[in-house]
Amino acid sequence: KAGVTQTPRYLIKTRGQQVTLSCSPISGHRSVSWYQQTPGQGLQFLFEYFSETQRNKGNFPGRFSGRQFSNSRSEMNVSTLELGDSALYLCASSPDTPEETQYFGPGTRLLVL
Amino acid sequence: EDQVTQSPEALRLQEGESSSLNCSYTVSGLRGLFWYRQDPGKGPEFLFTLYSAGEEKEKERLKATLTKKESFLHITAPKPEDSATYLCAGLSGGGADGLTFGKGTHLIIQP
Chain A
1 KAGVTQTPRY LIKTRGQQVT LSCSPISGHR SVSWYQQTPG QGLQFLFEYF SETQRNKGNF
61 PGRFSGRQFS NSRSEMNVST LELGDSALYL CASSPDTPEE TQYFGPGTRL LVL
Chain B
1 EDQVTQSPEA LRLQEGESSS LNCSYTVSGL RGLFWYRQDP GKGPEFLFTL YSAGEEKEKE
61 RLKATLTKKE SFLHITAPKP EDSATYLCAG LSGGGADGLT FGKGTHLIIQ P
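Protein sequence lines correspond, in order, to chains A and B.
In case it helps, the working numbering puts the first sequence at residues 1 to 113.
In case it helps, the working numbering puts the second sequence at residues 1 to 111.
Think of the hints as simulated: they come from the structure by calculation, not from any bench.
Beta carbons: idealized from backbone N, C-alpha and C, even for Gly.
Each hint should be verified, as a subset may be incorrect.
To be verified - Listed next, the in silico DSBU-like pairs over lysine-lysine satisfying Cα-Cα at most 35 Å (straight line):
#1 B:Lys57 - A:Lys57
#2 B:Lys69 - B:Lys59
#3 A:Lys1 - B:Lys63
#4 B:Lys42 - B:Lys103
#5 B:Lys68 - A:Lys13
#6 B:Lys63 - A:Lys13
#7 A:Lys1 - B:Lys42
#8 B:Lys103 - A:Lys13
#9 B:Lys103 - B:Lys63
#10 A:Lys57 - B:Lys63
#11 B:Lys42 - B:Lys68
#12 A:Lys13 - B:Lys59
#13 B:Lys42 - B:Lys63
#14 A:Lys57 - B:Lys103
#15 B:Lys68 - B:Lys79
#16 B:Lys79 - B:Lys103
#17 B:Lys42 - A:Lys57
#18 B:Lys42 - B:Lys79
#19 A:Lys1 - A:Lys57
#20 B:Lys79 - A:Lys1
#21 B:Lys59 - A:Lys1
#22 B:Lys68 - A:Lys57
#23 B:Lys42 - A:Lys13
#24 A:Lys57 - A:Lys13
#25 B:Lys79 - B:Lys63
#26 A:Lys57 - B:Lys79
Said to hold, decoys possible - Using C-beta positions, here's what the derived DEER-type ranges look like:
#27 B:Ala53 - A:Leu83: 40 to 48 Å
#28 A:Ser86 - B:Glu81: 27 to 35 Å
#29 B:Lys69 - A:Phe60: 26 to 34 Å
#30 B:Pro40 - A:Ser79: 25 to 33 Å
#31 A:Ser79 - B:Thr67: 39 to 47 Å
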């Protein structure tokens, strides 16, 4: 079974731009969560989607948003990029609920200049 | 606020030298305690999930245990390929915040 895939793997943007990252979960998984990883803060939860609805949300500003499609694929969008948004963005999928193991993708490395 | 603290931050061992990594947590109504391994430039790789105090799980040279306040990852006779950052994460009873991760333990096994 194929793992979680994320595209693109690397991205360079400038301040003020917006960016869209994509995540394809493991086949049959319906829950998709997004995390931001930085050297200073570690891994922090952004949000979780299930059946095309945002089910849980972390403590990030409204510039961070996401959506999920009927095939469970998910996208996250960051508008008005700031230097501090430079990070590794990780997507994780699980079958249905957060208690079940979340399997992570390789991440998208975003650099904001 | 849920918190997960891992110690030590970094650990250097000789090949074959067993040790333990600590994960202390204050997570309300813990619904699961997860261990992951992360190699540089890669996403975290799942190792174990523990759901209740007293539970233990093993995989090759790794063994994870859980108490009401801590979890330990025991590494027996490690090899250089066990070098990685080990992450611990808790899922709270509300589940509203997703997984709360510790900062990780960076483990280096020298041949």
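Here is what the structure says about each hint:
no., hint, result
1, B:Lys57 - A:Lys57, "30 Å, holds"
2, B:Lys69 - B:Lys59, "23 Å, holds"
3, A:Lys1 - B:Lys63, "26 Å, holds"
4, B:Lys42 - B:Lys103, "16 Å, holds"
5, B:Lys68 - A:Lys13, "44 Å, violated"
6, B:Lys63 - A:Lys13, "42 Å, violated"
7, A:Lys1 - B:Lys42, "19 Å, holds"
8, B:Lys103 - A:Lys13, "27 Å, holds"
9, B:Lys103 - B:Lys63, "20 Å, holds"
10, A:Lys57 - B:Lys63, "32 Å, holds"
11, B:Lys42 - B:Lys68, "31 Å, holds"
12, A:Lys13 - B:Lys59, "41 Å, violated"
13, B:Lys42 - B:Lys63, "23 Å, holds"
14, A:Lys57 - B:Lys103, "20 Å, holds"
15, B:Lys68 - B:Lys79, "30 Å, holds"
16, B:Lys79 - B:Lys103, "23 Å, holds"
17, B:Lys42 - A:Lys57, "24 Å, holds"
18, B:Lys42 - B:Lys79, "20 Å, holds"
19, A:Lys1 - A:Lys57, "29 Å, holds"
20, B:Lys79 - A:Lys1, "28 Å, holds"
21, B:Lys59 - A:Lys1, "21 Å, holds"
22, B:Lys68 - A:Lys57, "26 Å, holds"
23, B:Lys42 - A:Lys13, "21 Å, holds"
24, A:Lys57 - A:Lys13, "25 Å, holds"
25, B:Lys79 - B:Lys63, "15 Å, holds"
26, A:Lys57 - B:Lys79, "39 Å, violated"
27, B:Ala53 - A:Leu83: 40 to 48 Å, "43 Å, holds"
28, A:Ser86 - B:Glu81: 27 to 35 Å, "30 Å, holds"
29, B:Lys69 - A:Phe60: 26 to 34 Å, "29 Å, holds"
30, B:Pro40 - A:Ser79: 25 to 33 Å, "30 Å, holds"
31, A:Ser79 - B:Thr67: 39 to 47 Å, "43 Å, holds"
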